[in-house]
Structure formats: structure tokens, C-alpha cells
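Q: Quick note: to get my numbering, add 7 to the position in the sequence shown (first position is 1).
Do not rely on the hints blindly, as some may be mistaken.
Said to hold, decoys possible - In silico DSS-like links for lysine-lysine, alpha-carbon gap of 30 Å or less:
no.	residue 1	residue 2
1	104	149
2	34	326
3	34	14
4	284	254
Honestly, the hints are just simulated from the structure, not real lab data.
Since we're looking at a predicted model, the values are computed, not measured.
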Amino acid sequence: MSRVTLKDVAKQAGVSVASVSNVLNGKTSKVTEETAKHILLVAQQMKYSKNPIAAALKSGTTNTILILLPTLDKTRTKQPLLQDNPFFTDFLSGIEKATSQNQLSCSFVRVSEAHEIDSIINGPTPKGVITLGNLSDTVLEKIASWPFRTIMVDNVKFFNDYSANDNLINYYIDDHEMGSLAINHLFECGHKNIVLLFGRLSDSAVHLARYQGVVDKRQSINEDMKLTLIETELSIDAVRDVFPKIKNTIEDAGATAVLCMADILAIGCMQAASQHKLNIPGDFSLMGMDNLKLLDYLPYRLTTIDQNIVNRGFHAVQKIINEHEIYDYDFNVIEGETVLKV
């Protein structure tokens, strides 16, 4: 079945092609309200949809949001695949919702070298760009001066290292506050000997900020609180590898809780604890951060900090469409079944 065109809608509605084009693009000043409603109804009944290629040729800008991700490193055992980090899955769900509502499309692009950025600059102009993950310095240097409206997700370091132009938006949450809230909740539940299971602090400003929030809060509430830091890759498999260290800290050093930098690490702890015949929260309490949608499908609810990731993805697209939009995020402790008071 052939695509319904503006000409087809105009013929069915009994109006000019120009009138149909204006109304469908939100320009209704040149027709009556009744005519505008009639055109919209006919277009809906005929299941008319815009041709994104034709629109791009006419305006010079595509209706595509580019999602920039780092290129897979074939030398690493643990690949940064989307399926391995549910944070990205939730964030992209929000992006998909926003692009769908605004009749936009999104496209994934993995980059590692500056010349790959050049091909984007010289290609069709995107509606906007959203960056996720740790991009290389050579790529960031190019992004620092390119002309596209770009959302830099959770990359505060970028704005410290490079001169940002007006097209770049520092889109981040207060990870320091998230870490502070998490450790304070465990302290209020009576835990004073805690294992911190974090991603490698040298890999991400997010990991470091959450850790610093934990440490700073410890100083203000109880300097005698014992914290044991264990660093690992951000994956369930990696948690299994380091769990014997966690178990030893619990059984030999008296730790009563494990605070994870991200929910994905907490899920790994759940699986590893079961394999090691440890009970949560009977043998140790467990807390995460992020409140992934995946947690809704676990047999028992993880205690975590909510940052509403899906809404963050949705609002990232909204921010591209309307630069003046402001979104505030409140963190909340989600009290599940994995933290006991001691």
C-alpha cells in the first residue's frame, strides 16, 4: 500500500495542499478553526504520517535524535553493551517515549575516533544529540565545538575540561547527594560497619561523586562508622568474582550492610549471596542506588534511591526541543525488604 501524501489529504478534505501542509505543521492562522479541525480529522482517518526524508531535504535538518555511545573495545572481556546496563535501558525507554510523542526518530551511533565525529558533522543535521557513557577524549574535543544541540548526560567532568558552547547542555543529577542519602539511611537503620561496592572510581565521575557523598556524610553523622570499599566492573558477573571479599568482610570483620553504587551491583549481590548460602537481609542488609525498572520483577524489593531514570531520558529529548524547559529531580529512599534495623 502506497504512502498517503499531502496531495491525497488535500483532495479528500477539499482544500489546497498548502492549507494541509500549514495545518499539519501547526500553522492554523490562515484557515478557520473549523477547517483546521476538518483537515486534522481527514489526515487521521487516512493515517497520514510525515515523510521524514522529504522533511529533512526541505528543512536541511532531520527529525532524528542521535544517541552517541562509546565504541565497543574488543580487547575487554566485559563489553559495555546496553543489555548489560539496565540504566541505559531505562534511559532509552524515556527517549523512545519522548521521540514517539514528538514524531521524531532516534538512531544509535558508536564512536571512538575524531574522524567518526567528522562524518556526523558533514552528514545530515540531526535534531539533536544525546551522549551516554564514557566517550574518548578525542571525541569529546570535537563535540566541544560542534554545532549540534547536545545533551551531555552525567558528564560534569567534560564541562570542567572543555570550553562548552551554547549548544551543549550539562545534563546531570546530584550524585553526591544520592550517595549521602544512601549512607544516611543505613546509619539511621543502625548500620555502622558497611561494605561499599562501587564501580572503579577512576572510570567515572558518577562513581566518584557517589562515593564522595558517602564519605562526606559519614564525617557529619559518625566519623567512627567503618567503611570498606570494594571496586569492581559494573556487571553482575563481576560481582560474583568479588563476592568472596564481601563475604569475608561480613563474617570476619562484622559488616552488617552492603551499599552498592548502582542497582545492577545489588542484583549481582543478591545472586551471589544465594550461591554462598547467605540470606538477605538476615545475614546482611543490602541497598542500591537508581531504582531501575528491573527491580519490579525481582522476588523481593530492593531498598534503593530513586532518580526516575525513565523521566530523565524523556526530559533529555524535551530539553532538545525546548531549551528553556527546566526539570528538577528529587531523590527518594525507596524502602524495600533488603534492609533491617539493627
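Q: For a quick check of understanding: which of the numbered hints are violated here, in increasing order?
A: none
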